[in-house]
Structures are given as C-alpha cells and as structure tokens.
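Protein chains in written order, with this note's numbering: chain A, -6 to 722; chain B, 27 to 195.
Quick caveat, the hints were computed from the structure, so don't treat them as lab data. Beta carbons are placed, not taken as given, at the ideal position from N, Cα and C, and that holds for glycine. Be a bit skeptical, because a hint or two may be false.
DEER-style ranges, computed between Cβ atoms [said to hold, decoys possible]:
#, chain 1, residue 1, chain 2, residue 2, range
1, A, 173, B, 145, 44 to 54 Å
2, B, 106, A, 133, 47 to 57 Å
3, A, 33, B, 192, 19 to 29 Å
4, A, 70, B, 36, 30 to 40 Å
5, B, 106, A, 531, 53 to 63 Å
6, A, 61, B, 95, 46 to 56 Å
7, B, 147, A, 422, 45 to 55 Å
8, B, 159, A, 152, 54 to 64 Å
9, A, 307, B, 32, 47 to 57 Å
10, B, 147, A, 172, 50 to 60 Å
11, B, 147, A, 102, 38 to 48 Å
12, B, 37, A, 198, 34 to 44 Å
13, A, 198, B, 145, 55 to 65 Å
Sample of chain B residues with no beta-carbon within 10 Å of chain A, all distances over it, derived [what the hints assert, rightly or not]:
#, residue
14, 36
15, 151
16, 156
If you want the building blocks of each chain, they are given just below.
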Amino acid sequence: MTVHFKQDEPDNSNRLDRMKQGVLGKPLPRIEGLAKVTGTAPYAAEYPVENCAEGVLVTATITRGEVASIDRTSVLSMPGVIAVVDDEKMCTRAAQGTANEAPMQGPRQVCYWGQPIALVVAETFEQARDAAKHLKVEYREEQGAPLDPNAVEPEEQEDETVHQGDLAHAMAEAAHSVDVSYTTKGHASAAMEPHAAIAQWDGGKLTVHASLQMLNYNITELADALDMEEENIRLVSRFVGGGFGSKLGISEEVVAAALAAKQVGRPVRVVQSRQQVFQTVMRRSETTQRLRLAADANGKLTGFGHEALVSNLPGEDFAEPVLQSSHFMYGGENRELMLKVARIHRMTAGSVRAPGEAVGMPALEGAMDVLAEKVGIDPVELRLRNIPERDPEEGLPFSSHKLADCLKQGAEAFGWDNGPRQPRQRREGEWWIGTGMASAARVHNISETRARVTLKADGTALVETDMTDIGTGTYTILAQITGEMLGLGPKKVLVELGDTRHPRGPGSGGSWGAASIGSAVYIACKAIREELAAKVGTSEEKLDLREGKTAGGDALTDLLGGNDLAREGHYEPGDIEDDYTASGFGAFFAEVRVNHYTGETRVERMLGAFGFGRVLNAKTARSQCLGGITWSIGVALTEALEFDPRDGHLVNCDLAEYHVPVHRDVPDLDVVLVEERDGAASPIQAKGIGELGMCGGAAAIANAIYNACGARLYDYPMTPDRVLAAMPE
Amino acid sequence: MADTITVNGTAHPIPDDPRVSLLDFLRQHIGLTGTKKGCDHGQCGACTVIVNGIRINSCLTLAAMHDGDSVTTIEGLGTPDEPSALQRAFLEHDGFQCGYCTPGQICSATAMLEELGADWPSDASESLEGRIAISGEEIRERMSGNLCRCGAYANIVAAIEEVAAGGQS
Chain A
-6 MTVHFKQDEP DNSNRLDRMK QGVLGKPLPR IEGLAKVTGT APYAAEYPVE
44 NCAEGVLVTA TITRGEVASI DRTSVLSMPG VIAVVDDEKM CTRAAQGTAN
94 EAPMQGPRQV CYWGQPIALV VAETFEQARD AAKHLKVEYR EEQGAPLDPN
144 AVEPEEQEDE TVHQGDLAHA MAEAAHSVDV SYTTKGHASA AMEPHAAIAQ
194 WDGGKLTVHA SLQMLNYNIT ELADALDMEE ENIRLVSRFV GGGFGSKLGI
244 SEEVVAAALA AKQVGRPVRV VQSRQQVFQT VMRRSETTQR LRLAADANGK
294 LTGFGHEALV SNLPGEDFAE PVLQSSHFMY GGENRELMLK VARIHRMTAG
344 SVRAPGEAVG MPALEGAMDV LAEKVGIDPV ELRLRNIPER DPEEGLPFSS
394 HKLADCLKQG AEAFGWDNGP RQPRQRREGE WWIGTGMASA ARVHNISETR
444 ARVTLKADGT ALVETDMTDI GTGTYTILAQ ITGEMLGLGP KKVLVELGDT
494 RHPRGPGSGG SWGAASIGSA VYIACKAIRE ELAAKVGTSE EKLDLREGKT
544 AGGDALTDLL GGNDLAREGH YEPGDIEDDY TASGFGAFFA EVRVNHYTGE
594 TRVERMLGAF GFGRVLNAKT ARSQCLGGIT WSIGVALTEA LEFDPRDGHL
644 VNCDLAEYHV PVHRDVPDLD VVLVEERDGA ASPIQAKGIG ELGMCGGAAA
694 IANAIYNACG ARLYDYPMTP DRVLAAMPE
Chain B
27 MADTITVNGT AHPIPDDPRV SLLDFLRQHI GLTGTKKGCD HGQCGACTVI
77 VNGIRINSCL TLAAMHDGDS VTTIEGLGTP DEPSALQRAF LEHDGFQCGY
127 CTPGQICSAT AMLEELGADW PSDASESLEG RIAISGEEIR ERMSGNLCRC
177 GAYANIVAAI EEVAAGGQS
C-alpha cells in the first residue's frame, strides 16, 4: 500500500522531536561501517560471477573525426582474446545527472581525445589490457576543432541572465566599488573507486552491478541506450566508492559491458583505468568570472554583478551553474548576472561536487574580501550588513536563513580577530601567517521519491529503496529515522539500498538525497504508526513508541499478531519548491602560513559553521562537512586540470599529476553544526550537507593568503608560482 | 613444488601469467577483494597490503616476485566478528565515508605504527636519530600515500592517534 504526500506547505510541527526513541540526530557509527573497515563490503567490480570475461575500453587518439576502420585481426589472434566490440549503441560520453535518457552514442564519431571507441574482451584482465593497447585503429581526422574557451563566440544561457536596475550607474555612483576578474581551472571528481560494471544476461533479462549514484535515472538511461524495457533490467549499487557527481549518469563502461556480455554470451566485467576515468567521465569546467560590487559608505551593496564563462562539448546541456547562489546571496538592487558557455572539444563537462557554487562562491567571496578592505570594515561585518531579507531577484522569502548565525558562531569558535586588518603583520622565520574568512551557500534541492518500510512480525523493521549510499551516510540515517518513528533501536532496522528491485528513490546527487529519501521513509513510517495507533485505540499523534513497545506497555510484536505491516512512502515536493528560496548557508575561517621564499601555502587550521536544517546524524553530517572543507583546500591550492592546447587532451589524468589533498595537506579541522528546523525544505525539516562544505571555503584560504603575505590573487588554484609572483617585494 | 604466496596464513600457488600484479592476484585469483584498486599506478594507496611486515602498494609489484612471501591483507587484520583495534577506531571516529580507500588506510596505518615504534624517522621528525615522538604531523606525513577523496583525513588521524596511544585494544 502506497501513501502519497505532496508538500505544499511548510511543516513546522517538529513531529520528529516529539518521538521517544531518541536516536535521530545522534552521532551513531555507520551501520554498514564494520563491513567497510574489514574489507567485506562488495563494490561493483567485486561480485563473484562465474565464467566472467574481462573487457578493457579502447579510447580515441584524435580530437574530432571518424573511426575509419578497426583491424580486429590485429588482436583476435592474441592469447585469450574473445571479441572486439564497437557496437553503435556504445556510449561515447557519460550521461549528465538526472538526464533520464541515453548519453551520446555511436563510437565511430569522435568528439574529443580519449573518447571510448571500442571494447576488447578477453579471458583475463591482463590479456584484455594488452590487446586493447595493440588494437589497430585508423581515423579520418577533422582538423581545426575549437579547443580554447576564450577563442570562440560563446552561447548565452538565457535562463541565468538577470538585468535589474542599472549596475553601471550604481558602480559609477558607489562610495566603494570592486570590479575584478577571477579564473578557476577545471576539477575532477576523482572518486577512489574507478567506474566499473559487471553485466550478466539471463535470456532477455539483464543484471548489471555498477558504481552509480542515481539508479532511478540510470536504469532509464541504460534502457534507452540498449533499446530495452526497464522491467528487463536490474541495476545493483549497494556500495559506491565515492561519486562526487562522476557517477550521476550511466558511464561508458556500463553500456559497453552490457553489449559485450550479449555479444560473447557470458558475463563481462569492465573497469575503467584511472586515466580513463579522468578522461572519459566528467570534468568541472574551467571558469572565467567578473565580479562587480557597488557599495555605499557603510559597505551596504547597491549593485551586484557576476558574469561567468564556462565550456562544454557540443550537444551537452550542462553549463557549470557558477551563478547559482549569487542570485540570492547578497542584496544590491542593481544587478547584472550572465552565464555563457563556449563550445569546445575538450572532454565532457558535467557535475563535480557542488557544481556552480564550488567555483562561483570562491570568486564572489574573494571579491567581498577586496570590498571589505576598501570599505575599511571587518569582512564578517560586511557580510552581516548585506544579508538580504528576501531573495533579491525573485522577491521570495527564504525557507530559513542561518548565514548570520554561522558567521557569528563560526567567528567565535575560531577566535576571529575583528580588529583592523592589515596584511603582512605576522611573520615566523620564512613564513607569513594570516587569517581569512568567507561565506558558504549551496542551493537546497529535493526530489520526488519512494521507499518501502516493513515492520516485521518479529519486531524488526526493513527499509527498501534503490537509493544509494556513496559514503554520505544514507544507510545509517534511514535506520535512525525509522528507529525514531517506530520506537526501535537502529540495530533492529535493516536497510537495503542500491537495487532497482526496490521502490525508486531520488539517487545521491545535488545534496538532495537525505532530505528526499528521508521524507519518503518518514511518510511510510507515519502510515505504519497510524495502523498501530488504531490497534491501541489512540491517534498517531499521541502514539509513543520506544524500544519496541507503546507507552502503555503493548509490545509491537503482540500488536502485529504474527503479521508484517508494510507501507510505501511516496514523497513529492509541491508548492514549497516555488514559494521559497531555499539554501544551506555557512561560514569558513582559515589560518594559513605562506613561505616568503617559495610561495608555498600551508593551511594551519580551518573551521566551518553550517546551517542546513535538521541534523540527522551528527557524526556523518560532520564528516560530510570535513570532506567539503578538505575539497576547499584542494580548490584553493592544488587542483587543476591541464589540457593540451594542440589536441585538447587532458594531460594530468592521474592521481600523481592531479593533486587532491593528502593527509599532510589537511590540518585539524573544526565543524560547528548550527542546528535548525527548516519545515519548508522537507517534511523531516532537513536540507543537504554533501556539498555546502566546499562552497566558498577556497576563498577563506585565498583571503588568508592575502592577509598573511599581501599577495592578492585572482586565479585558483593558488600554487606557489602564482603566490610568489603576486607577493609584494 | 609450485611457487606459493602465503596470504593471511594460507598458501596459494603463483599464477602462470607473469603480468599478474600482486593486487590482481589477491582480488581476481584468490577472491580477497578487500584490497582495493584505485589507480593501479602506486598513486593512491588503496591497494596497500603488508608483505613480510612491510607495507607496500600491491599494484606496483608482480605476484611472481613474491614466492615464499607472507602477505597480510585487510581480511587478515580482523573480521566483522573480531575487528582489530584500528578497525574499531576507524568505525568509532568515522575515519571513512565511501569506504573504498579504507582497507588501504588501515593496512597502511597498521604497518606505520610499527615503523613509528621502531623509530624510523620521517620528513616530519625533529631528528633522524633517537626516539620518534608520535604526533599528528608524524601520522599525517607517514599516511600521505593513502588518498581519501571523501576527505576523512581528520577522522582517520584521530582514529590512528587513539590506537597509537593504546586505545581500542
């Protein structure tokens, strides 16, 4: 039985706070954690499958053109080689998040260097890898593919454009103004588990174990790619070794494995190499951004301008939404916002953790630091003076707004000195030392979703959905919500995720997972509670459940009388999506030291304070924030995709050349969880926290570099060469 | 008698194909998938195992090179019923999120604590001689070959510090 709830109004009843089990929000260890720390949690490529052949992708070595011929005989005689697959249905790009249709297909047409064009299948991985390397491919290359985003006429993303008032006039009249340009380099998700799939056919039925974030969309994408009905496909992703956007849509190895398994008549496993993951999945676009801020004598904004140029391949809808939070972050009645996308033949651009704010906020918050200096006020105070009462463009109320609290609580916890700020005030030996801060914002997303909860006759509960846990904590928070609602310890709740046999969840992406799927589970549990209440002659509102019993001492097992009680919760966001501007907010504070002679920056300590609705598990939520702050360090200092200007290929396509933060780059980090209840965000009053922790944090580091050594930089990442060049004599 | 590798106390024959890495031998040939492949190039540390007491990247060495060697993998350090002190500490401190780098982090930390105990110096050490004091910086330096993209470093260091101080035993 399905219970549908469409949310048109905020829910400020705080129902979950009145439950009696007392488990929700508690810092419980992950319920699947023991499997992970003992190496017994199976990831996509690790399912034991009888008679499984191994596939290795072959990728293009031209930028644009056609595959003229593939010489199969060049490898078919090699030991163990079974087949060369270049089926027209093979995908040449990964699907964008929530695409819900097949990505680009047809491997004979080459659109970027590194694009998959074939799959070699052999008995063993070593044989397939060797043969893939020796496959002879002839191309008809089309010269002159545009590769430089600054050298083509870009397309305007008109739905992002805002012209409000007269910004040029406001800039001219302003007591203080800032007009600065920033650049950011491309980023890679670099999830630790490479993209992988094992495909098996049973007659016309296909089962794929894959590493994917959004099975509800992925099954549609796969069905579309293979021209099949969804009911003949089963996707399984119980454990996903990180996603960060790179596994939102089906990627090339999933479709290739399915086609190959069909062709060779036995199961096929395809695992992308690390280099292939870098080159064939998704990059975050580089950006060029212009920030214009006009302020009165007190630092109150009168004008706000943010323009950005990003890039993508022809045929891709996705444009890095750089301005996403700029639309509502600060006031200023005169506004100019514009996003443009350049069509170039570098690999596909798509979602990498916190698309938009991950690069938009570091530019905006850098410019705000420049403004604070011009106005001569504390940068925290500048932010506080510019928090808008309502969305400055749409005029909508905010569902909740914790920026001021985050700024104040964060500053206090960090020990922020709000006195006059001058760069180059503190030096220890070779090192300049300084501090900086920035605001955080990340739009709140929520999705329609379904989950089934079964209260078993034995007094345990089972939660089933195809929702994934990509390290986010889904398993644990769903056990906590269910335990809280049904009066069960979390050990009595079994959570089954990542299987399309279960009701369709939202998938993990855009930080919407917890609030969306948690709400479906909440709705299902509420329906079960109504049944139980009727059995003891009370109302659902008055039913108290704890440790498997009602307040009156009735055991759930007795009330169930030997029967299971199952309900499917179906949550649909209604008018709340249109009636409010909803976002998570936060503040970052960083202390860095910068070497006077080498320009090297080390983060000494960093703190983030975040308000994102109800905290469902204080331990896993804090970990998400720590992860975001760690990514902020990478964005600020080291992460940069580099493309060959001659053929557009990604040069630093591995973990030795693309520098994600390592242990020694990350100091002790502090997180302040600013608790709130946002009833307009979701029925469980929660928002997302998977991305907020990196939306602006890089600017806190950049601003600290300036405060430390006087080098004001406008280009991320702030590598030693750049810092040294910008450092005053 | 065939050449063998002893893994977690059990001897296994070395595969015929000399191209098989120790990592693929563990994962594909004897089904110990707890050891992870993250990059296959010695850049991420997810494949860290302990060979004759020393931690190595199992992707950077061939199975054929380990005749007679004794390998300990994550499965050999502890089980869900009897987890090791580090495994318990990682769980308690949330020293992981997606879990994919975790076996490598734990294998690496297990051997690293031995290295610290034997006073092997590192870049973070005050001196190349004498006793090495355990500190967060020592742990971070010595664990920097194990990447964690989820960004659980702060929690991983907390977990290791607790065990280094004798906790979770």
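These are the hints, each one checked on the structure:
1. 173(A) x 145(B): 44 to 54 Å: At 51 Å between Cβs, range holds.
2. 106(B) x 133(A): 47 to 57 Å: 56 Å, holds
3. 33(A) x 192(B): 19 to 29 Å: At roughly 27 Å between Cβ atoms, residue 192(B) and residue 33(A) fall inside 19 to 29 Å, so the hint holds.
4. 70(A) x 36(B): 30 to 40 Å: The hinted range 30 to 40 Å holds for residue 70(A) and residue 36(B), with Cβ atoms some 37 Å apart.
5. 106(B) x 531(A): 53 to 63 Å: 41 Å, violated
6. 61(A) x 95(B): 46 to 56 Å: The hinted range 46 to 56 Å holds for residue 61(A) and residue 95(B), with Cβ atoms some 48 Å apart.
7. 147(B) x 422(A): 45 to 55 Å: With Cβ atoms ~22 Å apart, the hint is violated.
8. 159(B) x 152(A): 54 to 64 Å: Holds - the Cβ-Cβ distance for residue 159(B) and residue 152(A), about 58 Å, lies within 54 to 64 Å.
9. 307(A) x 32(B): 47 to 57 Å: Holds - the Cβ-Cβ distance for residue 307(A) and residue 32(B), about 55 Å, lies within 47 to 57 Å.
10. 147(B) x 172(A): 50 to 60 Å: 52 Å, holds
11. 147(B) x 102(A): 38 to 48 Å: 56 Å, violated
12. 37(B) x 198(A): 34 to 44 Å: 40 Å, holds
13. 198(A) x 145(B): 55 to 65 Å: Cβ of residue 198(A) to Cβ of residue 145(B): about 60 Å, so the range 55 to 65 Å holds.
14. 36: 16 Å, holds
15. 151: 13 Å, holds
16. 156: Fine: 22 Å to the nearest Cβ keeps residue 156(B) off the interface.
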